[in-house]
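J.: Here's the letter readout for the chains.
2 protein chains.
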Amino acid sequence: MQLTLSSPLDMHLHLRDGKMLEIVAPLSAKEFAGALVMPNLVPPVTSKEMVQSYKERILQVCKDDRFTPYMSLFFLPEYDYEFLQELKDTILAIKLYPAGITTNSEGGVDNFSLEALAPTLEAMNELGIPLCVHGETNGFVMDREAEFIPIYERIAKRFPELKIIMEHITTKEAVDALMRFENLYATITLHHLHITLDDVAGGLLRPHLFCKPIAKRPEDRMALRKVAFMAHEKVMFGSDSAPHPRDKKEAPGCAAGIFTAPVALSALAQIFEEAGVLENLQKFVSDNAQKIYNITPPKKEVRLVKEPFEVPASYADVVPMFAGQELKWRVESVL
Amino acid sequence: MQLTLSSPLDMHLHLRDGKMLEIVAPLSAKEFAGALVMPNLVPPVTSKEMVQSYKERILQVCKDDRFTPYMSLFFLPEYDYEFLQELKDTILAIKLYPAGITTNSEGGVDNFSLEALAPTLEAMNELGIPLCVHGETNGFVMDREAEFIPIYERIAKRFPELKIIMEHITTKEAVDALMRFENLYATITLHHLHITLDDVAGGLLRPHLFCKPIAKRPEDRMALRKVAFMAHEKVMFGSDSAPHPRDKKEAPGCAAGIFTAPVALSALAQIFEEAGVLENLQKFVSDNAQKIYNITPPKKEVRLVKEPFEVPASYADVVPMFAGQELKWRVESVL
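Chains as they are written, first to last, in the working numbering: chain H, 1 to 335; chain U, 336 to 670.
It is possible that part of the hints are untrue.
Claimed, not checked - The calculated lysine to any residue pairs, modelled on SDA-like cross-linking and capped at a C-alpha distance of 25 Å, are:
1. U/Lys507 with H/Asp143
2. U/Lys507 with H/Leu127
3. U/Lys583 with U/Gly537
4. U/Lys583 with H/Asp317
5. U/Lys583 with H/Phe210
6. U/Lys583 with U/Asp534
7. H/Lys226 with U/Lys354
8. U/Lys507 with H/Lys88
9. H/Lys248 with H/Phe210
10. U/Lys354 with U/Asn439
11. U/Lys663 with U/Pro647
12. H/Lys226 with H/Pro245
13. U/Lys583 with H/Leu204
14. H/Lys88 with H/Arg66
15. U/Lys583 with H/Arg206
16. H/Lys248 with U/Lys507
17. H/Lys234 with H/Ala316
18. H/Lys157 with H/Leu204
19. U/Lys583 with H/Lys328
Claimed, not checked - One side of the interface only, derived from the structure: several residues of chain U facing chain H at Cβ under 8 Å:
20. Thr531
21. Arg541
22. Cys589
Derived by calculation from the structure, the hints in this document are not laboratory data.
Quick reminder that beta carbons are idealized off the backbone N, C-alpha and C, glycines included.
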């Protein structure tokens, strides 16, 4: 059995910088035609120069002209129209982080009133720049996403033309909200289709499955699977692949993030096949994103075959999801 | 400010065996007058000889004749009256574990029908031996305790004279159930009065706060605090102090359990004082247990003073709760 995916896209990817960038970026470039690259570096990516320079560093290590790093800007409330107009052709989206909510998000937003967000949101709205949001409050860990939904709704109502992407959604509440507003879209990760909190902390504690937003309840996973498996036009694949060196993951105070980029297409093929919806994977990993973002990625045909794929124990010192396990599909060739 | 506790008791304690027993048992013996010792060794404690031999090993390393290790037997459904009659004076209680639910519980119960449990329960009922229960199903990690409550109710109804102790309760559902049946009692740990899932996985991942049952929601902790702080006659302190060597806690696949025994009285004094109910701590850590179990522990006066206590980074290779932090009360003397 085989499957050919045309120009797969990863619409939520952490490539980091420096040595980590060199390890992880080529792995995404090999199997994807493009990826939306997150801007939470230290310091965050907040200017045209920073975007351009980061993009150059990515292209340098990828050495693949059929991989497009779609760039994002770190949301600050005080951007204005002129500033963003200058930047418009350099970025695909602006990513909003609540302050301190995840890795390198300390400079994020702490006032979610429309008044506070208005300068940037109004300019984005006029310029047609999509807004990507890490939608969590600082409440109890299992409630953070559901508690954030009123903020999504407030922005979606005030700016009905603005495309808002609910990033890495994890709950049935988020799926419900997604359906209530025409201008809401969402990315869904591989790992949130796979695991629940049980996998992280139900048996022994598994730091390599610890991520933000944390994996939720079985009924939440079911809601995500439902819209992903039907490749609902409002959802698209975003891995949120978030590499950390092994020593940051395996010590007390483990950082949040699961490294899935090099196993994503194999694992997605496996669960889509198990669900009997392999034919919907093309939409989920590419077509929907092309429509939502209005992009045409480089042509790239990724052929997967149903043959065992032994996932490496690590890529350099980064441990991937399914490390040492066997997946049922492997990428055979990229044309 | 000072506080004298008379004969404090820890009614749920893991002392392990061998080298670990040597490290941890003297720490409990120093500050407590007695403790109910859990039987989940490898193999579990299932005979009179095993109970007696384990008790001797404990007494040998404690070297304190004012510390009573109250012994428990590992619940098996097939015990009969004669067997338990033989054992009655050797043990204080029988501890029931669902199979595989926590550390060394593989030989536990997997059929909770009254028919299956009847031989042992009927004999315990006739002999007046209390039943201690680790009350969790193998369901979703946040639901396991609430899902187990019908089993508590079934046993409580069928054997209204049998004293049943809901061990280390963590949810408001358990507190509610506790109040519905006269013959239900409960232990509450220090850590479940302190933390929620947020402390384990809300920021970075904290393996030293990972335990079974896992810490739950803020409203659950509030329900536990309410009955503990008023020293409700149905609840008593049981630390569930569960030591693991540092390398078992700090590596992927971290074992469940928090080591609290040597910090328990200091930390309890602190939170009871902060709640304005310091006068209720005596009941919570001793008087209630004496009534529930009908025991008279050795006389031991433990004087605490409100002075900084720098918690050691570790005891041998076992990391305690609050390692390296400062608690506000310390044990000054034991008379």
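J.: Determine for every hint whether it applies to the structure shown.
T.: So, going through the hints one by one against the coordinates:
For the proposed pair U/Lys507 and H/Asp143, the alpha carbon gap of about 17 Å is at most 25 Å, so the pair holds. Distance hint between U/Lys507 and H/Leu127 is unfulfilled; the C-alpha atoms sit about 51 Å from each other, more than 25 Å. Note on U/Lys583 and U/Gly537: the hinted pairing holds, with a Cα-Cα distance of about 22 Å set against a maximum of 25 Å. Simply put, U/Lys583 and H/Asp317 have alpha-carbon atoms about 21 Å apart, close enough for the 25 Å limit, and the pair holds.
Distance check on the hinted pair: U/Lys583 and H/Phe210 sit about 18 Å apart at the alpha-carbon level, within 25 Å; holds. Annotation: proposed proximity of U/Lys583 to U/Asp534 holds, straight-line Cα distance about 20 Å (limit 25 Å). Proposed proximity of H/Lys226 and U/Lys354 is contradicted: the alpha carbons are some 51 Å apart, above 25 Å. Using a Cα cut-off of 25 Å, the hinted pair U/Lys507 and H/Lys88 is violated, with the two alpha carbons roughly 52 Å apart.
With a CA separation close to 12 Å, the supplied pair H/Lys248 and H/Phe210 stays within the 25 Å bound. Using a Cα cut-off of 25 Å, the hinted pair U/Lys354 and U/Asn439 holds, with the two alpha carbons roughly 17 Å apart. Between U/Lys663 and U/Pro647 the CA atoms are separated by roughly 14 Å; this keeps the pair inside 25 Å, and the hint holds. Restraint check for H/Lys226 and H/Pro245: the C-alpha separation of about 33 Å exceeds 25 Å, so the hint is violated.
The suggested pairing of U/Lys583 with H/Leu204 holds, with an alpha-carbon distance near 10 Å, which does not exceed 25 Å. Between H/Lys88 and H/Arg66, the direct Cα distance comes to roughly 22 Å. Compliance with the 25 Å bound is thereby established for this hinted pair. Distance restraint check for U/Lys583 and H/Arg206: the Cα-Cα separation of roughly 12 Å lies within the 25 Å cut-off, and the hinted pair is therefore satisfied. A distance of roughly 35 Å separates the Cα atoms of H/Lys248 and U/Lys507; the hinted pair therefore is violated under the 25 Å criterion.
In summary, the hint linking H/Lys234 to H/Ala316 is not supported, as the alpha carbons are separated by about 36 Å, beyond the 25 Å threshold. As the CA atoms of H/Lys157 and H/Leu204 are separated by approximately 43 Å, the hinted pair breaks the 25 Å bound. This hinted pair does not check out: U/Lys583 and H/Lys328 have alpha carbons roughly 32 Å apart, beyond 25 Å. A cut of 8 Å between beta carbons decides the hint on U/Thr531: the least distance to chain H is about 7 Å, and the hint holds.
Given the 8 Å rule on beta carbons, the hint for U/Arg541 holds: about 6 Å separates it from the nearest Cβ of chain H. Interface restraint check: U/Cys589 against chain H, minimum CB-CB distance 4 Å, threshold 8 Å, status holds.
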